[in-house]
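Per my numbering, the sequence shown runs over residues 60 to 155.
None of these hints come from the bench; they were simulated from the model. Careful: at least some of the hints might be erroneous.
Simulated restraints, written as ranges between beta carbons of each label pair [as the list claims (entries may be wrong)]:
| no. | residue 1 | residue 2 | range |
| --- | --- | --- | --- |
| 1 | VAL145 | ALA112 | 34 to 42 Å |
| 2 | GLU137 | SER83 | 32 to 40 Å |
| 3 | ARG146 | GLY115 | 20 to 28 Å |
| 4 | ARG77 | ARG97 | 14 to 22 Å |
| 5 | LEU116 | VAL141 | 40 to 48 Å |
| 6 | VAL143 | GLY115 | 29 to 37 Å |
| 7 | ASP135 | SER64 | 19 to 27 Å |
Just so you know, even glycine gets a beta-carbon here, dropped at the ideal spot from N, CA and C.
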Amino acid sequence: MLKTSARLLRLLSVLQSRRHWSGSDLSERVGVDPRTIRRDIDRLRELGYAVEASPGLGGGYQLKPGSSLPPVLLDDDEAVAVAVAVRAAAGSVGKM
Numbered sequence: 060m061l062k063t064s065a066r067l068l069r070l071l072s073v074l075q076s077r078r079h080w081s082g083s084d085l086s087e088r089v090g091v092d093p094r095t096i097r098r099d100i101d102r103l104r105e106l107g108y109a110v111e112a113s114p115g116l117g118g119g120y121q122l123k124p125g126s127s128l129p130p131v132l133l134d135d136d137e138a139v140a141v142a143v144a145v146r147a148a149a150g151s152v153g154k155m
């Protein structure tokens, strides 16, 4: 099971990938029960993300337009590792 912060980022990413999600679809996609999805949606709202909910049959969740993932923050070592990996990947294009 993912830790809470990783799960919230996963949920946010899933919400961004499609306009509308049912609670059961989200719980299946993230790998947690529907109650955890509801709590995590509340946490995202507390963090300032505009997640809208539609109740009832055909209802679900959607991320309001303009909401996006936070920027990726890397320390110096992580940034160097990413740069090296990108360079290595670019050098291997077409060699497969």
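Outcome of the hint check:
| no. | hint | result |
| --- | --- | --- |
| 1 | VAL145 / ALA112: 34 to 42 Å | holds, 38 Å |
| 2 | GLU137 / SER83: 32 to 40 Å | holds, 36 Å |
| 3 | ARG146 / GLY115: 20 to 28 Å | violated, 51 Å |
| 4 | ARG77 / ARG97: 14 to 22 Å | holds, 19 Å |
| 5 | LEU116 / VAL141: 40 to 48 Å | holds, 45 Å |
| 6 | VAL143 / GLY115: 29 to 37 Å | violated, 51 Å |
| 7 | ASP135 / SER64: 19 to 27 Å | holds, 22 Å |
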